[in-house]
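Student: Given chain B, put chain Z in place with the hints provided.
These are the residues of each chain, in order.
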Amino acid sequence: QQQVKQSPQSLIVQKGGISIINCAYENTAFDYFPWYQQFPGKGPALLIAIRPDVSEKKEGRFTISFNKSAKQFSLHIMDSQPGDSATYFCAAVGGTSYGKLTFGQGTILTVHP
Amino acid sequence: SAVISQKPSRDICQRGTSLTIQCQVDSQVTMMFWYRQQPGQSLTLIATANQGSEATYESGFVIDKFPISRPNLTFSTLTVSNMSPEDSSIYLCSVGGSANYGYTFGSGTRLTVV
Numbered sequence: 001q002q003q004v005k006q007s008p009q010s011l012i013v014q015k016g017g018i019s020i021i022n023c024a025y026e027n028t029a030f031d032y033f034p035w036y037q038q039f040p041g042k043g044p045a046l047l048i049a050i051r052p053d054v055s056e057k058k059e060g061r062f063t064i065s066f067n068k069s070a071k072q073f074s075l076h077i078m079d080s081q082p083g084d085s086a087t088y089f090c091a092a093v094g095g096t097s098y099g100k101l102t103f104g105q106g107t108i109l110t111v112h113p
Numbered sequence: 001s002a003v004i005s006q007k008p009s010r011d012i013c014q015r016g017t018s019l020t021i022q023c024q025v026d027s028q029v030t031m032m033f034w035y036r037q038q039p040g041q042s043l044t045l046i047a048t049a050n051q052g053s054e055a056t057y058e059s060g061f062v063i064d065k066f067p068i069s070r071p072n073l074t075f076s077t078l079t080v081s082n083m084s085p086e087d088s089s090i091y092l093c094s095v096g097g098s099a100n101y102g103y104t105f106g107s108g109t110r111l112t113v114v
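Protein sequence lines, in the order shown, are assigned to chains B and Z.
Going by our numbering, the first sequence opens with residue 1, and the numbers climb by one from there.
Going by our numbering, the second sequence opens with residue 1, and the numbers climb by one from there.
The reader is advised that the hints may include incorrect statements.
To be verified - Here are some of the chain B residues that sit facing chain Z, going by a computed Cβ distance under 10 Å:
id: 1; residue: Gln6
id: 2; residue: Gly41
id: 3; residue: Lys100
Calculated directly from the structure, the hints in this document are not laboratory data.
Note that this is a predicted model, so its numbers are computed, not measured.
Just so it is clear, CB atoms sit at the ideal spot from N, CA and C, and this is done for glycine as well.
Okay, chain B solo, but in the shape it has when bound (with noise of 0.2 Å):
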């Protein structure tokens, strides 16, 4: 019921293409869910998060796609770049399990110039 289910594992991307990580959860009562950057030996870093309130939030390069329906919710990383190689992570948080976030299982992005 906690679980927060993400994939692909590992993504190896070409310079200038999309980057794409999927997440899917079952617990009806997270309202909120954030997407973390982690690079090497440093701690996660808040890239964006979105509310099951809008289907979509967009920052920059950065998109969060979110369907409540379906229950999942995926980010899009346009362009990626070479800097953008790092783990990124998924999570969720709500309900009872407030303040406590859930994370997916982290995605290793590999951008090739």
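Tutor: Then chain Z, alone, in the frame of chain B:
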């Protein structure tokens, strides 16, 4: 968002010893959280550090192994006790839970137990 200072950034410890990790926030926050990230894995919540009361632990984590202090609204410590190699992980503190749900993480403590 809050700025979190976490130390030490890394340490190598002998099995059977204990390490205390400190987390300092630049503003008062209600909720502080401690996470563990095992090598190549995702983040798992250890406990919620509550100011003025005992920490709330998640399933699989116990106070005797991971005692937590929260003496004020800007500081918390996590101790990893009686360490074994299986405790080798990155330990991260986080703050958040405000109306804006601005969850921020420290840079983590990379612990290696030998």
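Student: Against chain Z, run the beta carbon of B/Lys100 and see if the smallest gap drops under 10 Å.
Tutor: holds, 5 Å
Student: Grab the minimum C-beta distance from B/Gln6 to chain Z and call the hint holds if it beats 10 Å, violated otherwise.
Tutor: At about 8 Å, which falls below the 10 Å cut-off, the nearest Cβ of chain Z leaves the hint on B/Gln6 intact, so it holds.
Student: Is the shortest C-beta separation between B/Gly41 and chain Z less than 10 Å?
Tutor: holds, 7 Å
Of the numbered hints given earlier, the model fails none.
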